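Q: Here are the chains, one letter per residue:
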Amino acid sequence: MIGTLRAILEQSWQQLSATATSYLPPLLAAVVILFVAWLVAVLVRALFLRLATTTWLDRFLAESGLSSIFGTTRPFRTAPVVGAVIYWLILLAGLLMGLNAFNTSITSRMVETIVFLLPKLALASLILLAGVWIGHYLARSALIWAVNENLPYPRRLAAGIRVFVIFAAVVAAADHLNFARTVFVMAFLLVVGGVVLAGGIALGLTLHKTLERRWVEKSQTAPQEERSLWDHL
Amino acid sequence: MLTAEASRAVAELGHVDVVIGIPSFNNARTIGHVVRAAQGGLAKYFPQLRSVIINSDGGSKDGTRDAVLKASIEDPRLLLLNTPLLPVHRISLPYHGIPGKGSAFRMIFAMARQLGAQACAVLDADLRSVTPEWIDLLLRPILYAGYDFVAPYYHRHKYDGTITNHIVYPLTRTLYGLRVRQPIGGEFGVSARLIARYLDRRDWETDVARYGIDIWMTTIAIAEGYRICQSFLGAKLHDPKDPAADLSAMLQQVVGSVFALMEEYEAVWKKVTGSRPVDLFGFRFDVGLDPVPVNAERMRTALITGYRELQEVWALALQRKTLEELARVCQQAEAQPTRWRLEDDLWVRIIFEFACAWHRRRVQRGQLLRSFTPLYLGRVASFVLETEHMLSAEVEERIERLCLVFEQAKPYLVSLWDLAGRTPEPRLEKVSAEVKT
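Protein sequence lines correspond, in order, to chains Z and R.
If you're matching positions, the first sequence starts at 1 in this note's numbering and goes up one per residue.
If you're matching positions, the second sequence starts at 1 in this note's numbering and goes up one per residue.
Just so you know, these hints were derived from the structure itself, not from any lab.
Certain hints may be false.
[Claimed, not checked] Going by beta-carbon spacing under 7 Å, a handful of chain Z positions derived as facing chain R:
{"#": "1", "residue": "R140"}
{"#": "2", "residue": "V147"}
{"#": "3", "residue": "N148"}
{"#": "4", "residue": "P154"}
Every value quoted in this text rests on a predicted model; they were computed, and no experiment measured them.
Each residue gets a CB set at the ideal place from its N, CA and C atoms; glycine is no exception.
For reference, chain Z alone in the conformation it holds in the complex (with noise of 0.2 Å):
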């Protein structure tokens, strides 16, 4: 009994110890490339914060107004921007290659398919920024035209602008990445169905007032001028 008991143990001691010594030494070289690559990231950020030079990229998103739409009231600066995108893509490195430090199936595949990923996601990424940019842009300028033309309800008009044309690069970025392309799609034909129809119902609406509006004015102004002939007598 006690024998038993004393081999299950050294078994599974054993089973413990081999596990150990085969994942132990990647788990120790992975913490530390992250380490080193934290490292690094966070020195690449303060050289490049220190060094870069990029009052023409921020003159140029000035000028065009592309940094207006982030509505801050400090002016935009983009180095701090460009700054975490390296410091997040130097991590990211650090954690692509610690994974690949296992050496197994698993972690190979999921290394693999996020390198693969990636240049897809910077581009969903580049798609969807356009669309809130140009979103918040469209917006605005229809929230001041809308107060300019004294239109009811200004601001449902801007932010329906914004959302749609944010929901538009949503759809578009999905699509790109394959992601649920049938859903987006059909939910962004369903909105756009739908606006069109609101538009076309307003349109017949209002030119029916107009054209009631004219009838009535017509039919009034007859008898008046035929009254004004009698008026002096």
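Knowing the structure of chain Z, use the given hints to seat chain R on it.
A: Frame of chain Z; chain R shown alone:
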């Protein structure tokens, strides 16, 4: 620069001494009168000079060009002339490029240069009060007194020309130190030297091509040190503005041009302190004026709606203290519809801060200028309430007081402008205190 048609016309005319330019777009109703007045003026005051009237049309559909070519003085004897007349030529041509008054002027100036004209006068096509004397008053200072630019000076109804009275005149006077009362009047006399300078510039394709042209011409003449005078033309009566015309766009073009020129001539206006009068020709007399209907209530509502909806945009342009004061004004406007006021010092700060926000590009420039419309309407509404029972002379004094507030606050503008791009929140309290002292 000239179209084939225009070049042909220039070749046929050869040389002229004087050009009268009339930009037009659907002005068939009034342009005949303007052409006749110009013809009469040339025949009566400059019979010895070769002259041409050029109508630069923006594609009118109402027979404006025909009206120009048909217009003539029925009986020249009525002008009491005793010298032989040289014929006054008339040309009507369409201009090309961006549709607008500026593009029309560009063609007139280009033709005037090609024709070797010594002087050119431009007149709006919607004028009803123009007389032959206007031609004399706009051209004589250039032809015989060595001036380069003649600005108009007229009596206008107290509610006519509100963009001039509340923004352009006080701001131009404060910036460049010359009291040109009608910097965007629409009628000017220009020398050949100044025409050449205008044509050499490269910013014709901007707002200058549209309503920005008047302030552009005036500012260049002042800032570059050309000899300037004013001529008293009597009353300015013109057709009511096209109701379909977009006030917001017009305001954007005019104010945008003022701000753009502020950037260009920064080195000039920063040195200027105070202001001095400009030579004024012509015999001044009082005239009756057409009443200008205004709807102060609608403008008050526009301000309140603007404050409610556009605060986030204004917050990017205005300082915190200004925004707080504006909030108080809007609350008053809502609570006491007839007793609220948008006072001069607040108005001046709004203008200066918008100019600096434009300079700093804190908001996309077009959006910034369009968001300014409710503030402008609010100021006009407040002014209408304040001057409801005032006579024209009293209103003129009131505008003079506004100009002095502008001039006193100029150090604030300079400091705010200098801070542009360096720190978002200038030390407003300190600057305000300086201004007050």
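Q: Run every hint past the structure and note whether it holds.
A: Okay, the hints, checked on the actual structure:
Residue-level restraint check for R140/Z holds (minimum Cβ-Cβ distance to chain R is 6 Å; threshold 7 Å). Taking 7 Å as the C-beta contact cut-off toward chain R, the hint placing V147/Z at the interface holds, the least distance being around 5 Å. Satisfaction of the interface hint for N148/Z is found here, the shortest Cβ-Cβ separation to chain R being roughly 5 Å, below the 7 Å cut-off. Below 7 Å, beta-carbon pairs count as interface contacts, and P154/Z has one with chain R at about 5 Å; its hint therefore holds.
Going down the numbered hints, you'll see the structure goes against none, and every one checks out.
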